[in-house]
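S.K.: Each chain, letter by letter, is given below.
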Amino acid sequence: MTGLLDRSVSELGGLLRTRQLSILDLVGSGLATIEAHRDLQAFIAVDRDGALAAAHALQARLDAGDDLGPLHGIPMAVKDNIDIAGQDTTAGSILLRGNIATRDATVVARLRAAGAVLIGRTNMHELAWGGTTDNPHYGRARNPWDTGRIPAGSSGGSGIAVAAGMVSAALGTDTGGSVRLPASVNGVSGLRPTIGRVSTAGVVPLAWTMDTVGPLARRADDVRLVHNAIAGWDPRDRVSRTDAFVPQEPAGQGLRGLRIGVIADYALTGCQPDVADAIGDALATMQDAGAHVEEISVPGAAELVDAQIVIDAVEPSAMHVETLRTRPQDYGADVRTHLQAGLVFTGVQYVQAQRYRAWFRDRLLEAMAGSPGGPGRVDLLVTPTLPFTALPHGATSVTIGGREQSLTAGNMKYTAIGSMTGFPALSIPAGFDRDGLPIGMLLTGRPFAEETLLAAAASFQTITGHHLRAPFDQ
Amino acid sequence: MDENDAQQLIAEWEERGRAIEAFVTSTVPADLVPITLFEHLPYAAGEAGE
Numbered sequence: 021m022t023g024l025l026d027r028s029v030s031e032l033g034g035l036l037r038t039r040q041l042s043i044l045d046l047v048g049s050g051l052a053t054i055e056a057h058r059d060l061q062a063f064i065a066v067d068r069d070g071a072l073a074a075a076h077a078l079q080a081r082l083d084a085g086d087d088l089g090p091l092h093g094i095p096m097a098v099k100d101n102i103d104i105a106g107q108d109t110t111a112g113s114i115l116l117r118g119n120i121a122t123r124d125a126t127v128v129a130r131l132r133a134a135g136a137v138l139i140g141r142t143n144m145h146e147l148a149w150g151g152t153t154d155n156p157h158y159g160r161a162r163n164p165w166d167t168g169r170i171p172a173g174s175s176g177g178s179g180i181a182v183a184a185g186m187v188s189a190a191l192g193t194d195t196g197g198s199v200r201l202p203a204s205v206n207g208v209s210g211l212r213p214t215i216g217r218v219s220t221a222g223v224v225p226l227a228w229t230m231d232t233v234g235p236l237a238r239r240a241d242d243v244r245l246v247h248n249a250i251a252g253w254d255p256r257d258r259v260s261r262t263d264a265f266v267p268q269e270p271a272g273q274g275l276r277g278l279r280i281g282v283i284a285d286y287a288l289t290g291c292q293p294d295v296a297d298a299i300g301d302a303l304a305t306m307q308d309a310g311a312h313v314e315e316i317s318v319p320g321a322a323e324l325v326d327a328q329i330v331i332d333a334v335e336p337s338a339m340h341v342e343t344l345r346t347r348p349q350d351y352g353a354d355v356r357t358h359l360q361a362g363l364v365f366t367g368v369q370y371v372q373a374q375r376y377r378a379w380f381r382d383r384l385l386e387a388m389a390g391s392p393g394g395p396g397r398v399d400l401l402v403t404p405t406l407p408f409t410a411l412p413h414g415a416t417s418v419t420i421g422g423r424e425q426s427l428t429a430g431n432m433k434y435t436a437i438g439s440m441t442g443f444p445a446l447s448i449p450a451g452f453d454r455d456g457l458p459i460g461m462l463l464t465g466r467p468f469a470e471e472t473l474l475a476a477a478a479s480f481q482t483i484t485g486h487h488l489r490a491p492f493d494q
Numbered sequence: 003m004d005e006n007d008a009q010q011l012i013a014e015w016e017e018r019g020r021a022i023e024a025f026v027t028s029t030v031p032a033d034l035v036p037i038t039l040f041e042h043l044p045y046a047a048g049e050a051g052e
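Residue numbers (the working numbering), protein chains in the order written: chain Y, 21 to 494; chain E, 3 to 52.
Here chain Y stands alone, though its shape is the one from the complex (with noise of 0.2 Å):
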């Protein structure tokens, strides 16, 4: 690693507060790597002006010893379904080309409020309803370990920023994996809250029963930071949970004590090898730092993608049902397939895939929970989060245990688990394939247990070294 926005948040913070470094300096930095690397497709809208203006604002603050906290001076991406007042929210449709946004979300509000500098918007699967970032409109984002192959989504301009070094930390949105898939395939630390951590007011709707907002950054830790100054009740959202949100400071426990839960016959079946084996290894990791690891079993884990694909296509297809119908040339091929799938659902299809959901959820707690004479009560599960590495270009397909299906439902396999339960989950990089493409490792904890799953992969993090490499050390 050597580009400046690679180092941690704290580091760079201390550098600030020390003098060595301005917030022109980091912001400048961010700048100039979008420019050397626009071929990647990362952004949709690069913001040079206002991230200036508020570099300059904000170091004065600072010098004049007002300061917002860990956050304060730190370049940041949005993805472009989010509202930034005053700029376009496309969510990378040309649908919604000139919907200019008349006040923040409120994530952007609180990034504002903690100093974070907004340098542009992310560039995304069209309408957040896809998971390669081919985008139709504003160019196919690239993986920058290989540029012929898919960044993953539908957050991928979020991924790639992250990964490349153009900011420090990405805000993504996640409803069927959209923050983890991302993060897995660019080899960075990507959060999918639990439902009603974080507010989406302000945010364009994918799918409403199961849409998230979560932070992409190198660093487990840095993830933190940002989850703390977005976390919390919101009146604008309905879903939103009431209660006080207490920011967290990392648990001391780490992974001494924890005890990993691994889902019999699901959780390494049907992954490429060498996903497995970096899972493996990397359990074999926690366990030599003090986890317990051990196997449980889950009724219903084998229906999860097929609830989770009715349910993530017919809430779009209900919002979209219109726009559909009078301007259909004005969606990209594979999204309006996607759309038009949504339509040939039942409504009983619909009920009991949101009835599976809370049948499955209530397993899954009693599965976590233990039982006298089985397996204790788990802290968190460990999967893949994906069976695969990043796909070329292209591919609509993939082949899992044998049976092909749809890239967008081999994409769920893994993500499913958070996105049907509302559970969080955080993805971590766990090792590379034997073509150096990044392998991640999804953690999926208990509701509003984030703090379990950050302080693990902090801890992981600080016994392996696969989150610090970056592509262009290769």
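No lab work stands behind these hints, which were simulated from the structure alone.
Note that CB positions come from ideal geometry on N, CA and C, so glycine has one too.
Here are some, though not all, of the chain Y residues that point toward chain E, as calculated from beta-carbon distances under 7 Å:
hint, residue
1, 323
2, 364
3, 374
4, 426
Based on the hints, put chain E in the right spot on chain Y.
M.R.: Below, chain E without anything else, positioned relative to chain Y:
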């Protein structure tokens, strides 16, 4: 995505819809209510299992 890919995707998803309908109908107790938009206000997902 060409027309063939689109038809293949729709056929796969229709099958998934039938599969989850059959699974829930045969497995999930009749008195279990679906997750709703307002599940988390004020009762948060799964807190009873904490």
